[in-house]
Amino acid sequence: MDALIHARGLTKQFGSITAVAGIDLDVTRGEAFGFLGPNGAGKSSTMRMIGCVSPPSGGTLRILGLDPVKDGSAIRGRLGVVPQADTLDNELTVKENLVIYGRYFGLSRADVRKRADELLEFVQLSERADSKVEPLSGGMKRRLTIARALVNDPEVLLLDEPTTGLDPQARHVVWDRLFRLKQRGVTLILTTHYMDEAEQLCDRLVVMDGGTIAAEGSPLELIREYSTREVVELRFAGEAPEIGEDAFGDLVQRVEVLPDRLLLYTDDGDALVPVAHERLHPQSVLVRRSTLEDVFLRLTGRTLVD
Amino acid sequence: MEYSLRAYEYWLTVYRRVWRGTIMTSVLNPVLYLAAMGIGLGSIVKKQQLGLPYLDFVAPGLLAAVSMQVAAVESSFPVRGAIKWNRQYFAMLATPLRVGHLVAGHLLYVSTRVLVSVCLYLAALAAFGALHSWYAILTIPLSLLIGLAFAAPISALSAYADEEVFNPLFRFIVMPMFLFSGTFFPVTRIPHGLREIAYATPLWNGVDLARHLTLGGPTLWRSLAHVAYLLLWVVVGVWLARIAYRKKLVT
Numbered sequence: 471m472d473a474l475i476h477a478r479g480l481t482k483q484f485g486s487i488t489a490v491a492g493i494d495l496d497v498t499r500g501e502a503f504g505f506l507g508p509n510g511a512g513k514s515s516t517m518r519m520i521g522c523v524s525p526p527s528g529g530t531l532r533i534l535g536l537d538p539v540k541d542g543s544a545i546r547g548r549l550g551v552v553p554q555a556d557t558l559d560n561e562l563t564v565k566e567n568l569v570i571y572g573r574y575f576g577l578s579r580a581d582v583r584k585r586a587d588e589l590l591e592f593v594q595l596s597e598r599a600d601s602k603v604e605p606l607s608g609g610m611k612r613r614l615t616i617a618r619a620l621v622n623d624p625e626v627l628l629l630d631e632p633t634t635g636l637d638p639q640a641r642h643v644v645w646d647r648l649f650r651l652k653q654r655g656v657t658l659i660l661t662t663h664y665m666d667e668a669e670q671l672c673d674r675l676v677v678m679d680g681g682t683i684a685a686e687g688s689p690l691e692l693i694r695e696y697s698t699r700e701v702v703e704l705r706f707a708g709e710a711p712e713i714g715e716d717a718f719g720d721l722v723q724r725v726e727v728l729p730d731r732l733l734l735y736t737d738d739g740d741a742l743v744p745v746a747h748e749r750l751h752p753q754s755v756l757v758r759r760s761t762l763e764d765v766f767l768r769l770t771g772r773t774l775v776d
Numbered sequence: 029m030e031y032s033l034r035a036y037e038y039w040l041t042v043y044r045r046v047w048r049g050t051i052m053t054s055v056l057n058p059v060l061y062l063a064a065m066g067i068g069l070g071s072i073v074k075k076q077q078l079g080l081p082y083l084d085f086v087a088p089g090l091l092a093a094v095s096m097q098v099a100a101v102e103s104s105f106p107v108r109g110a111i112k113w114n115r116q117y118f119a120m121l122a123t124p125l126r127v128g129h130l131v132a133g134h135l136l137y138v139s140t141r142v143l144v145s146v147c148l149y150l151a152a153l154a155a156f157g158a159l160h161s162w163y164a165i166l167t168i169p170l171s172l173l174i175g176l177a178f179a180a181p182i183s184a185l186s187a188y189a190d191e192e193v194f195n196p197l198f199r200f201i202v203m204p205m206f207l208f209s210g211t212f213f214p215v216t217r218i219p220h221g222l223r224e225i226a227y228a229t230p231l232w233n234g235v236d237l238a239r240h241l242t243l244g245g246p247t248l249w250r251s252l253a254h255v256a257y258l259l260l261w262v263v264v265g266v267w268l269a270r271i272a273y274r275k276k277l278v279t
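Those protein sequences? They're chains A and B, same order as listed.
Taking this note's numbering, the leading residue of the first sequence gets 471, the next gets one more, and so forth.
Taking this note's numbering, the leading residue of the second sequence gets 29, the next gets one more, and so forth.
Worth flagging that the hints you see were computed from the coordinates, not collected in a lab.
The structure displayed is predicted, hence computed values, not measured ones.
Don't be surprised by glycine CBs; every beta carbon is placed ideally from N, CA and C.
Stretch by stretch, here's where chain A covers chain B in the computed footprint (C-beta under 8 Å, at least three residues): (1) 32-44; (2) 119-129.
Label-pair restraints from in silico Cβ distances: (3) B/189 x A/753: 56 to 66 Å; (4) B/264 x A/682: 38 to 48 Å; (5) A/655 x B/29: 28 to 38 Å; (6) B/250 x A/541: 43 to 53 Å; (7) B/267 x A/608: 39 to 49 Å; (8) B/264 x A/608: 42 to 52 Å.
Starting from the given sequences, assemble the full structure and let the hints guide the process.
Have a look at this one:
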């Protein structure tokens, strides 16, 4: 069995709250695997269990073939972790943060210094090596956290929302680095709210909702299975008219009514547009391809959960 | 042990950046107290009252108090910070380190801080001529024991409770202990009822033993009783700290 992460019926409970309600997972070596889901879906709880910092409440979990409860320390020695909230020491310099973290893994001082220089190069922070962490931008801190997670040359990199809160430039730099790591054969496991991030980076992903896995597959497979090829968006000046699911017969598979818009899920947008124009007189019409976001909203709903 | 040393190294790295600021509180303060109390106030205290110069009386008391103070300060905000502000404990726990190593690494660091402060303070005592016995050398391991007797339970509290607890801790526990645990005057001057509270404090046990050591002539059984009592605080404190750390960090 070549599964780096193997979970069956994995459960996490906090008192009476069930954060993860029995999920099955298999992640293989070299794969980039993503967890999508709204806040509170159980993504971070799952990540913390995989990171061996949160003991599972039930089910089976094997990481690198080992039991996280018994061999947590040994497993963690082979993982790299980018937590959701930074755990950098703001009073120390960029390089000191890297060096001390490498020392936690038992690297010699000479090795860890050399490694720190390479990693700072890799995340484009060499010029800031001796600056304190405090004044760094969010993107720089994130890159430093990623560099730090690589200090022990991990087999698996766990990233909990690696680009949340970053500006577009910073996100692209992070994606680029992660993509390079993937090419080097590092297994990536990440959680994200960003559909474009998932599409860019993940070979395979699961959509989590309410502590369970709602869907699993490659981004393309998920779109094919849970959405249509295209979406026609009709915008109205006032309220969108109420129409039934079968208003357009076979041409439309699913209708979604939003306050001032109608979303028509179809496999043939070009054929649908003139019909829709004539029947509904919308203010404007937009035809676009289905995205992972459509899948996500379909599976987890449009209502806010927090 | 090797893993605990890795956690210890973090605290040393941080200390390298701030050590200048701590010199004032951990070394200069006790020396100023020594000068003001031992020599200034001491000059108007009649020798017959205590049977010895006041400087000689107050010096070992301050030594024990310094150990307490350094340990208490280093076990309060730094521990809270490693959990809540810079969250360095979470960083450590993402590596091969475990909760026990975090507790041990921090206590090793507190021990270092206490040791350095007390050695500098002892040098000042020697310069003031307040050391009268070779037993005084034993105040060094004693200061460690006193430091840990405070560091262990306070780090448990710091891990468990919010930082609002520090104000009352220092105002209503550490400060009164500093004043009333035999540091500046014999606890026999405290009325019964309150005196027993003083006897129960770890600081009094440390002060009394330190005083016997610097003045010469510690008795074996009394010394062992003090050591055992302080050890009890260390052991229970470490046990509580491990529970509190685990509760906050491993969820």
